[in-house]
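Trainee: Okay, here's what each chain looks like letter by letter:
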Amino acid sequence: MAKITFIQPDGTEQVVDAENGMTVMEAAKKNLVEGIEAECGGACACATCHVFVDEAWREKTGGPSEMEEDMLDFAFDVRPSSRLSCQIKVTDALDGLIVRVPEKQF
Amino acid sequence: MAEGAMNGSTGAPVETDAVIVGAGPVGLFAVFELGLLDIKAHVVDILDKPGGQCAELYPEKPIYDIPGLPIVTGQELTDRLMTQIKPFGATFHLGHRVDALERLGEGRFRLVTDAGTQFLTKVVVIAAGGGSFTPKRPPLAGIEAYEGKSVFYSVRRIEDFRGKDVLIVGGGDSALDWVLNLQPVANRLTLLHRRDEFRGAPHSVEKMRSLVADKKMDLRIGQVTALHGDNGALSAATIRAKDGEVRIDCSRLLPFFGLTMKLGPVANWGLNLDENLIPVDTEKFQTSEAGIFAVGDINTYPGKLKLILSGFHEVALMAQAAYHIVYPGKKLLFQYTTSSSSLQKKLGVS
Ligand SMILES: Cc1cc2nc3c(=O)[nH]c(=O)nc-3n(C[C@H](O)[C@H](O)[C@H](O)COP(=O)(O)OP(=O)(O)OC[C@H]3O[C@@H](n4cnc5c(N)ncnc54)[C@H](O)[C@@H]3O)c2cc1C
Ligand code: FES
Chain A
1 MAKITFIQPD GTEQVVDAEN GMTVMEAAKK NLVEGIEAEC GGACACATCH
51 VFVDEAWREK TGGPSEMEED MLDFAFDVRP SSRLSCQIKV TDALDGLIVR
101 VPEKQF
Chain B
1 MAEGAMNGST GAPVETDAVI VGAGPVGLFA VFELGLLDIK AHVVDILDKP
51 GGQCAELYPE KPIYDIPGLP IVTGQELTDR LMTQIKPFGA TFHLGHRVDA
101 LERLGEGRFR LVTDAGTQFL TKVVVIAAGG GSFTPKRPPL AGIEAYEGKS
151 VFYSVRRIED FRGKDVLIVG GGDSALDWVL NLQPVANRLT LLHRRDEFRG
201 APHSVEKMRS LVADKKMDLR IGQVTALHGD NGALSAATIR AKDGEVRIDC
251 SRLLPFFGLT MKLGPVANWG LNLDENLIPV DTEKFQTSEA GIFAVGDINT
301 YPGKLKLILS GFHEVALMAQ AAYHIVYPGK KLLFQYTTSS SSLQKKLGVS
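In order, the protein sequence lines correspond to chains A and B.
So for the first sequence, my numbering puts the first residue at 1; every next one is plus one.
So for the second sequence, my numbering puts the first residue at 1; every next one is plus one.
Here chain A stands alone, though its shape is the one from the complex:
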């Protein structure tokens, strides 16, 4: 179990409960978090589940895999903290995770 905070571009925060094993994208969709589109349903094939991981959490989530890095080429405004949320698996270690939703997925 982990509590995850999604911060919208306008500063609005939404805290959701996520079960271990699900992805951060699934937690967002389940709780109707705005701005996470996930057109491909988590197949790492659309880059519309882009988030920025809070600096304090980047070490815990780790960086993108090679496949995810390739897919991030299709995202807009990619930064060092960019991840595709469908590729972050929820574990107890991510309890308290903070991610920011970009201005626009595309």
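Please note: incorrect hints may appear among the correct ones.
[What the hints assert, rightly or not] Below, a list of computed lysine to aspartate or glutamate pairs in the EDC-like style, where the Cα atoms sit at most 20 Å apart:
no., chain 1, residue 1, chain 2, residue 2
1, B, K61, A, E66
2, B, K61, A, D70
3, B, K306, A, E37
4, A, K89, A, E69
5, B, K164, B, D249
6, B, K242, A, E55
7, B, K262, A, E37
8, A, K104, B, E144
9, B, K164, B, D218
10, B, K61, A, E69
11, A, K29, B, E275
12, B, K306, A, E39
13, B, K149, B, D165
14, B, K262, A, E34
Keep in mind that the hints were calculated from the coordinates and are not lab data.
Quantities reported herein were computed from a predicted structural model and do not represent experimental measurements.
Chain A is already provided as a structure; the job is to place chain B with the ligands on it using the hints.
Mentor: Coordinates of chain B with the ligands only, in the frame set by chain A:
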């Protein structure tokens, strides 16, 4: 897509029994079910390959719920469907989008593609899935004003780029192919990518790198953040690079950020829509208009599931109804492929 898109054609209209809009798994299986009933079909898809979502979004991912195929990838399923429908010799128009649907009366329809191809048909099968795959538009302020004038998502005419300062953004095959094709005609060509690694074919990457080494083009690592110009005429773009923001002069921009599914032209065909889906009956999978059917992910009815399996069922029933439109007054005999010699002849197995 680029190649198909340039194949403009404005010849005589194509006369056919059925036009299938969309070559996703459901559109493909529609060829089979219609073919068994002697209905010839043309298939149009904006993608440059068949398979719809299966081929574009998850070619290497496994699907576990296709009856009889315990595990099959999106691409394998597409390939198998193409093999299965081969006997029916449907004509594929790939890289083309169906833009318009007109009712000509007396049960005839005219469909027109973005390349100007016209179809005259008795039956329209809309298998448009989640909509037509469309290039992603970078969310840059004011970009709409430049589209079609200075900003393009595909190359229709190379001449539009002759002598221009061209900025291409992206790191895959589309970006690299157009870098190599446009470099000889452009005044100056710049490739911009967010990192110094490219997904494109290794030989294209090599060619691009040698052009850069020979100072025949520029490669920049960074991202576009703003466009400058007026009245649709682009003059420069601001890019954010590692060492800060720079402005580069350019009069043409080609952004390649992949594709997204947008309902697209189907919305303008005068059909009833329910949240971007087309309501149909569950006997014929016909829309509110006779002769126009909707199957697969694009349709909706009580209990609808967006599954490939459901789409396959839908096309079988749709084909029965289409038969009575194409062959009015003829009786349709229900037959099995296992035991009917006439069906087997059509399949080329007897
Ligand atoms: C990641 C992922 C996993 C999935 N896993 C499964 C699974 O395990 N099992 C399952 O049953 N389903 C699965 N699905 C869903 C399945 O892929 C869809 O149900 C299926 O693709 C629908 O097929 P379709 O032929 O109706 O439409 P699509 O596959 O969406 O194809 C529609 C085609 O129509 C084209 N088109 C639309 N409008 C136009 C136009 N105007 N002119 C020209 N072309 C046009 C589009 O470009 C597209 O190629 C999955 C989907 C995704 C994204
Ligand atoms: S949901 Fe498509 S890449 Fe994450």
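Trainee: A separate judgement is required for each hint: does it hold in the structure or not?
Mentor: A quick look at each hint next to the structure:
Restraint check for K61(B) and E66(A): the C-alpha separation of about 17 Å stays at or below 20 Å, so the hint holds. Among the hinted pairs, K61(B) with D70(A) is consistent with the structure: their alpha-carbon atoms are about 16 Å apart, no more than 20 Å. Our distance criterion of 20 Å between C-alpha atoms is met by K306(B) and E37(A), whose separation comes to about 18 Å. As the CA atoms of K89(A) and E69(A) are separated by approximately 16 Å, the hinted pair is consistent with the 20 Å bound.
Between K164(B) and D249(B), the direct Cα distance comes to roughly 10 Å. Compliance with the 20 Å bound is thereby established for this hinted pair. Under the criterion of a C-alpha separation no larger than 20 Å, the hint pairing K242(B) with E55(A) is consistent with the structure, at around 19 Å. Restraint check for K262(B) and E37(A): satisfied, since their Cα atoms lie roughly 13 Å apart, inside the 20 Å limit. For the hint pairing K104(A) with E144(B), the CA-to-CA distance comes to about 16 Å; that is within 20 Å, so the pair holds.
A C-alpha spacing of about 14 Å is found between K164(B) and D218(B), which places the hinted pair at or below 20 Å, so the restraint holds. Between K61(B) and E69(A), the direct Cα distance comes to roughly 18 Å. Compliance with the 20 Å bound is thereby established for this hinted pair. Annotation: proposed proximity of K29(A) to E275(B) holds, straight-line Cα distance about 19 Å (limit 20 Å). Only pairs whose Cα atoms come within 20 Å are accepted, and K306(B) paired with E39(A) is accepted, the gap being roughly 14 Å.
For the hint pairing K149(B) with D165(B), the CA-to-CA distance comes to about 14 Å; that is within 20 Å, so the pair holds. A hinted pair counts as satisfied when its Cα atoms are at most 20 Å apart, and K262(B) with E34(A) qualifies at roughly 19 Å.
The structure shown violates none of the earlier numbered hints.
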